[in-house]
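Use the sequences and the hints to build the structure in full.
Read top to bottom, the protein sequences are chains A and B.
Going by our numbering, the first residue of the first sequence is number 1, and it counts up by one from there.
Going by our numbering, the first residue of the second sequence is number 1, and it counts up by one from there.
For the record, the hints were derived by calculation from the structure and aren't laboratory data.
No experiment lies behind these values; they were computed from the predicted model shown.
Certain hints may be false.
[Stated by the list, open to error] From the structure, some residues in chain B lie toward chain A, with a derived Cβ separation under 8 Å:
| id | residue |
| --- | --- |
| 1 | Ser34 |
| 2 | Asp161 |
| 3 | Val302 |
| 4 | Val328 |
The beta carbon of each residue, even a glycine, is placed where N, CA and C say it ideally should be.
There are 2 protein chains.
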Amino acid sequence: MMKKVLVLGAGQLARMMQLAGTPLNLDVKALDVSSNKVVHPITPEQIYGDLAAGIINADVITAEFEHVAHDILDECEQSGKLFPKSEAIKIGGDRRLEKALLESCNTANAKYYFVNSKEDFDKAINYLSLPIIFKTALEGYDGKGQWRLKVAADAEAIWQDMADFLNASTTVNQGIVAEQMVPFDREISLVGVRRINGDVAVYPLTENHHTNGILTVSVAAPINTKLQEQAGTVFKALSDKLNYVGVMAIEFFQVGDQLLVNEIAPRVHNSGHWTQQGADTCQFENHLRAICDLPLGSTALVRPTAMVNIIGEDTIPDEVLAIASVSVHWYNKGKRAGRKMGHINVSGEHELQLAQRLQNLADILCPKAFPDLNDFAKKYLDKQS
Amino acid sequence: MMKKVLVLGAGQLARMMQLAGTPLNLDVKALDVSSNKVVHPITPEQIYGDLAAGIINADVITAEFEHVAHDILDECEQSGKLFPKSEAIKIGGDRRLEKALLESCNTANAKYYFVNSKEDFDKAINYLSLPIIFKTALEGYDGKGQWRLKVAADAEAIWQDMADFLNASTTVNQGIVAEQMVPFDREISLVGVRRINGDVAVYPLTENHHTNGILTVSVAAPINTKLQEQAGTVFKALSDKLNYVGVMAIEFFQVGDQLLVNEIAPRVHNSGHWTQQGADTCQFENHLRAICDLPLGSTALVRPTAMVNIIGEDTIPDEVLAIASVSVHWYNKGKRAGRKMGHINVSGEHELQLAQRLQNLADILCPKAFPDLNDFAKKYLDKQS
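Printed below as a string of structure tokens:
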């Protein structure tokens with residue numbers, strides 16, 4: 001009765017899928033794309049020598065990241081086992097395709113212009129007006145591959161830097177997407193899931209906080225229903241358009257009452273890690289249910305829950321575990337500055353209790369390792385009190 | 001920073017410890033006591049050839065069942081890594097030692113008499129009066145190794161059966177404990193945890209229902225605080241006396257306002273599986289925290305939650321997963337009549353919702369495989385409405 005799942009990518013998302021899938025009798029293995037070996041997502045054990053064997057031995061294939069080489073995606077697609085389809089994964093990995101998708105669904109997003117030459121660059125500035133953010137079309141993540149142009153005087157230098165980057169890049173078909181920098185109120189994201197039969201379920205919206213371009217804190221709590229509906233409508237439109245299967249995350253900028261799509265991730269997402277403790281069914285289980293064609297689990301909020309990323313640290317004080325409703329999730333990765341090493345989920349019966357516990361957490365954690373946490377917790381607590 | 005844990009026993013409890021321990025960066029391996037091989041608790045992968053290698057490669061050793069051979073326990077104890085200590089595990093595996101412990105702590109329990117001969121048998125009947133339940137001192141579980149004597153006319157036949165059993169038994173030091181059959185109102189259990197430093201935390205009491213001697217349903221919901229206090233006091237007394245480290249379960253008979261200890265399990269327990277979805281920290285994580293000398297996690301009830309054992313079946317209808325707040329946990333064991341193959345956790349915001357969902361579950365599951373569930377759900381729902 002055991003179903004075998006192969007995940008393209010052997011990082012923390014494959015790891016958490018394995019943990020969520022095991023109770024459902026799913027056997028989750030992972031493809032380490034750098035070595036082309038199929039490995040156990042928790043132990044470093046190698047299972048098959050190559051992708052071909054991994055494909056043959058899988059019932060279902062999925063991806064934990066969108067920057068999978070297209071030949072790998074194509075090979076998996078040919079087996080008929082890949083969910084979501086390679087098209088959706090490729091769109092998530094290319095900002096130009098992403099923009100085209102948003103246009104085709106009439107989904108609000110920041111005004112943009114594609115840049116491949118100095119001429120495009122100048123046209124983009126004219127068309128969009130400053131400030132503008134330039135992002136690589138391919139392979140950007142965690143704020144990497146981005147340039148911010150705020151004043152005209154910097155244009156020449158930034159173009160030079162971008163041109164050097166493009167010239168040096170070995171990535172085939174690399175390009176730049178210029179985007180109007182939107183003065184947004186906050187960044188929020190929606191994690192949702194779609195089953196093969198078209199069933200859709202979305203989690204409550206999550207408010208996200210970044211430090212140096214990397215997500216540091218996400219908070220899920222009862223939220224503005226109008227925004228939730230708006231986001232849900234976008235999710236439905238995009239996922240239906242793609243005939244999507246699995247979990248997909250949509251990052252939004254909130255500008256007043258409006259949501260602009262920032263980007264789409266065709267996979268389980270860091271801003272959905274709170275679901276492990278705060279939702280009825282976690283995003284990892286729901287992704288697996290969807291791709292294995294099982295009924296979707298309820299996405300209801302059980303308790304207001306925050307997630308704090310552990311970045312560049314491989315240890316935190318034990319006292320963290322003494323705070324009620326704190327769960328620590330390590331990824332067992334080698335320590336490296338800026339690397340996501342784990343995360344901490346904190347829940348409360350209500351938002352005030354959550355805020356208090358978050359403050360307790362900030363008081364214990366080293367401020368050098370969690371630079372913005374104390375400030376965030378203080379503000380959040382003030383808002384609740 | 002990874003701590004290595006070896007579990008004596010490679011069944012579902014070791015499996016669920018592995019799943020709960022991985023996020024905490026604990027590397028949980030299991031000793032298959034029948035083959036003396038150290039294996040991965042999820043995959044069947046063999047890791048070390050024997051116990052000695054397992055001991056050397058572990059930081060901490062624990063047990064998933066109390067019937068571990070004493071030479072194995074002694075070998076582990078000598079390494080200084082075994083938690084709880086072998087004494088506690090041995091007590092849990094021998095009803096005579098268990099009774100002696102209860103006496104030494106003045107803990108209320110059913111009146112009893114040890115039986116090794118026909119003479120003892122007759123004395124037991126005199127001392128206890130009918131009805132009496134006779135239980136093997138060693139190796140009894142899930143209602144196995146028990147005889148019920150209700151009318152004097154059956155005494156001779158039951159003694160013959162017991163004498164045959166004792167003669168045929170290859171178990172060293174086997175014996176019988178005769179117990180007064182208590183006309184109890186219900187069976188409840190307390191799962192608690194104690195850290196090396198003496199910190200204790202207990203979960204809410206669970207009401208247990210058995211079918212043919214096997215636990216079939218446990219329900220955890222807000223409960224009589226007086227009983228909870230009484231049970232907590234017993235837990236504290238027994239676990240302090242044993243200098244216990246880890247999770248321990250105590251099964252009680254409730255007789256009016258009084259709790260009589262039925263038996264003690266020096267380990268994570270089937271009646272605590274609901275904690276995976278219904279408590280702040282599940283029993284598996286708390287056991288690991290305790291034996292690794294980490295702060296205990298909160299044992300607070302998050303939501304009223306019931307657990308339904310899947311017995312002798314290796315499949316259930318997919319529609320079960322469509323019920324909100326249902327989690328299915330399979331153990332990946334070969335199908336065998338009467339075998340615990342998995343369990344289903346169901347939660348509700350309040351008991352009425354829980355009862356409704358339990359009824360939905362009973363409506364879907366095959367009554368042949370879950371014979372008492374529908375009846376239980378109906379009564380529970382009636383009580384809430």
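Each hint, compared with the structure:
1. For Ser34 of chain B, the interface hint is violated, the least distance from its beta-carbon to any beta-carbon of chain A being 22 Å, above 8 Å.
2. Residue-level restraint check for Asp161 of chain B is violated (minimum Cβ-Cβ distance to chain A is 39 Å; threshold 8 Å).
3. Proximity of Val302 of chain B to chain A holds as hinted, the smallest CB-CB distance being about 7 Å (cut-off 8 Å).
4. Of the supplied interface hints, the one on Val328 of chain B holds, with its beta-carbon coming within about 6 Å of a beta-carbon of chain A, less than 8 Å.
In this structure, the hints that do not hold are numbers 1, 2, in rising order.
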